[in-house]
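Chains A and B are the protein sequences, given in the same order. Numbering that gives the first Met the number 0 numbers the first residue of the first sequence as 0 and each following residue consecutively. Numbering that gives the first Met the number 0 numbers the first residue of the second sequence as 0 and each following residue consecutively.
Among the hints, a few may not be true.
As the list claims (entries may be wrong) - Incomplete in silico selection of chain B near chain A, CB under 10 Å:
no. : residue
1   : His123
2   : Pro149
3   : Asp150
To be verified - Now the in silico label distances, taken between C-beta atoms and shown as ranges:
no. : chain 1 : residue 1 : chain 2 : residue 2 : range
4   : B       : Asp136    : A       : His76     : 15 to 23 Å
5   : B       : Val148    : A       : Glu177    : 22 to 30 Å
6   : A       : Glu124    : B       : Gly30     : 48 to 56 Å
7   : B       : Lys47     : A       : Thr139    : 23 to 31 Å
8   : B       : Glu124    : A       : Asp136    : 56 to 64 Å
What the hints assert, rightly or not - Partial pick of chain B residues on the chain A-facing surface, computed with a CB cut under 10 Å:
no. : residue
9   : Asp24
10  : Ala27
11  : Gly30
12  : Ala43
13  : Tyr51
14  : Trp54
15  : Ala112
16  : Leu127
17  : Gln132
18  : Ser133
19  : Glu154
20  : Phe155
21  : Gly162
22  : Leu169
23  : Glu177
24  : Tyr191
Rather than coming from a laboratory, the hints here were simulated on the basis of the structure. The model shown is predicted, which means the values in this text are computed figures rather than measured ones. All residues carry an ideal CB built from backbone N, CA and C; glycine is no exception.
2 protein chains.
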Amino acid sequence: MADQPATPRRRGAARTDELLQVTLDLAAEVGYAGMTIEAVARRAGVGKHTIYRRWSSRSALLLDALSRAWTTDLDYHDTGDVRADLREQFLRSAPALTDPPIGPVYRGLIAEAQSDPALRATLHERFLHTVEQSTLDRITRAQRAGELVPDVDLEFAAEVLCGTLYYRHLLSTRLVDEAAVDALLDMFMAAYAVR
Amino acid sequence: MADQPATPRRRGAARTDELLQVTLDLAAEVGYAGMTIEAVARRAGVGKHTIYRRWSSRSALLLDALSRAWTTDLDYHDTGDVRADLREQFLRSAPALTDPPIGPVYRGLIAEAQSDPALRATLHERFLHTVEQSTLDRITRAQRAGELVPDVDLEFAAEVLCGTLYYRHLLSTRLVDEAAVDALLDMFMAAYAVR
Chain A
0 MADQPATPRR RGAARTDELL QVTLDLAAEV GYAGMTIEAV ARRAGVGKHT
50 IYRRWSSRSA LLLDALSRAW TTDLDYHDTG DVRADLREQF LRSAPALTDP
100 PIGPVYRGLI AEAQSDPALR ATLHERFLHT VEQSTLDRIT RAQRAGELVP
150 DVDLEFAAEV LCGTLYYRHL LSTRLVDEAA VDALLDMFMA AYAVR
Chain B
0 MADQPATPRR RGAARTDELL QVTLDLAAEV GYAGMTIEAV ARRAGVGKHT
50 IYRRWSSRSA LLLDALSRAW TTDLDYHDTG DVRADLREQF LRSAPALTDP
100 PIGPVYRGLI AEAQSDPALR ATLHERFLHT VEQSTLDRIT RAQRAGELVP
150 DVDLEFAAEV LCGTLYYRHL LSTRLVDEAA VDALLDMFMA AYAVR
């Protein structure tokens, strides 16, 4: 970096990106427990104060690292077949949300949020609500296209679709696999598909 | 206890009950973080080894404390109206699973289970699976009674019913309230009620 002609502001942005990438590298290597401010500082070759200047806590750093790793590849496709698009998206995102780097960071933040209501609110607002909302957008488009019954509020259905898969991932030893996704979509389509 | 004519075996059982009750009292007073083996031993007036003789870890102690607090009041009623019985049970159990003593112990164990797959398996087997199974039993009886459509496997539906409410409780700041339970049951009945 030293030989790049960066303005102080651009250099700051580059350093932020670098610190988030170091955090994600650590997530993949040592998991959530090892992702301390100390470990990130050591790996990045900076002092802890450099990290605390940008993030007030480990949670704040990990939330931003999660945002960086969370790509638009997690958005729904729209082929005009709502069941197929939901299926494809659930099966594509399940491993992305489970495997490093997202998996350990996400699961660790969810664990910490159990004793920290403010973190739970932030986590929901920045990630889970985003997932629910993109699901709601996709099924609302299907409703407008006549695939799903009209005059039904689908907001809670989006929560059911997301919530069931998160429950399985976080609270059981079962996988979010094809059988689970198909069973969930069977119920969703039985409730809302136009016959 | 010293003046009770207890056999050593009965005395041991009484002491186990007492230690679990002390654990639950602490849960109500100081929450999960304060429920250490040390704190339980201090409150009960015993050495730490007395606790470790019965439970190999804090998680093991807390799992048994949770079992003790979990009463059969959490079972479903069967009035012959499946929607009403599910609704009544969800609204009755939601505060029981949220408030002390169950609430902080359960939420804390769920948090620890995120970094401990063996604990996650035990927690699912002893508690979450039990909830799913009693839900499945109730809706299967409704299917046999002709309230729900025949020839549909309802096992995943039971997971959807439980999972959605756990998701809301654990991962959002929203409440498991009447509006949420009614929306969930609207979807369930739209999918499976005999029309």
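Do the hints match the structure? See the list:
Interface restraint check: His123 of chain B against chain A, minimum CB-CB distance 5 Å, threshold 10 Å, status holds. Annotation: Pro149 of chain B was flagged as interfacial toward chain A, and the flag is violated, the nearest CB pair being 13 Å apart, outside 10 Å. For Asp150 of chain B, the interface hint is violated, since its Cβ never comes within 10 Å of a Cβ in chain A; the closest pair sits about 12 Å apart. Roughly 39 Å separates the CB atoms of Asp136 of chain B and His76 of chain A, a value that falls outside the hinted 15 to 23 Å.
The given range of 22 to 30 Å is respected by Val148 of chain B and Glu177 of chain A, whose C-beta atoms sit roughly 24 Å from each other. Roughly 24 Å separates the CB atoms of Glu124 of chain A and Gly30 of chain B, a value that falls outside the hinted 48 to 56 Å. One distance hint, 23 to 31 Å for the beta-carbon pair Lys47 of chain B and Thr139 of chain A, is violated here, with the actual separation near 57 Å. Between Glu124 of chain B and Asp136 of chain A the beta carbon distance is about 37 Å. The supplied range of 56 to 64 Å is therefore violated.
The interface hint given for Asp24 of chain B is broken, as the beta carbon of that residue sits about 19 Å from the closest beta carbon of chain A, more than 10 Å. The beta carbon of Ala27 of chain B is not positioned within 10 Å of any beta carbon in chain A (closest approach about 16 Å), and the interface hint is therefore violated. Of the supplied interface hints, the one on Gly30 of chain B holds, with its beta-carbon coming within about 8 Å of a beta-carbon of chain A, less than 10 Å. Here the hint on Ala43 of chain B is broken, as its CB sits about 24 Å from the closest CB of chain A, past 10 Å.
Of the supplied interface hints, the one on Tyr51 of chain B is violated, with its beta-carbon coming no nearer than about 23 Å to a beta-carbon of chain A, more than 10 Å. At about 22 Å, the closest approach between the beta carbon of Trp54 of chain B and any beta carbon in chain A exceeds 10 Å, and the interface hint on this residue is violated. Proximity of Ala112 of chain B to chain A holds as hinted, the smallest CB-CB distance being about 8 Å (cut-off 10 Å). Using the Cβ-Cβ criterion of 10 Å, the hint placing Leu127 of chain B at the interface with chain A is satisfied: the shortest such distance is roughly 5 Å.
Interface restraint check: Gln132 of chain B against chain A, minimum CB-CB distance 13 Å, threshold 10 Å, status violated. Below 10 Å, beta-carbon pairs count as interface contacts, and Ser133 of chain B has none with chain A, the closest being about 16 Å; its hint is therefore violated. A least Cβ separation of about 8 Å between Glu154 of chain B and chain A falls short of the 10 Å threshold, and the interface hint therefore holds. At its closest, the beta carbon of Phe155 of chain B sits 4 Å from a beta carbon of chain A; the interface hint therefore holds under the 10 Å criterion.
The interface hint given for Gly162 of chain B is met, as the beta carbon of that residue sits about 3 Å from the closest beta carbon of chain A, less than 10 Å. Nearest Cβ of chain A to the Cβ of Leu169 of chain B: about 7 Å, under the 10 Å cut. The hint holds. Because the smallest distance between the Cβ of Glu177 of chain B and any Cβ of chain A comes to about 13 Å, over 10 Å, the interface hint for this residue is violated. A distance limit of 10 Å between C-beta atoms decides the matter here; for Tyr191 of chain B the minimum to chain A is near 7 Å, and the interface restraint holds.
This entry does not satisfy hints 2, 3, 4, 6, 7, 8, 9, 10, 12, 13, 14, 17, 18, 23, going by the numbered hints stated previously.
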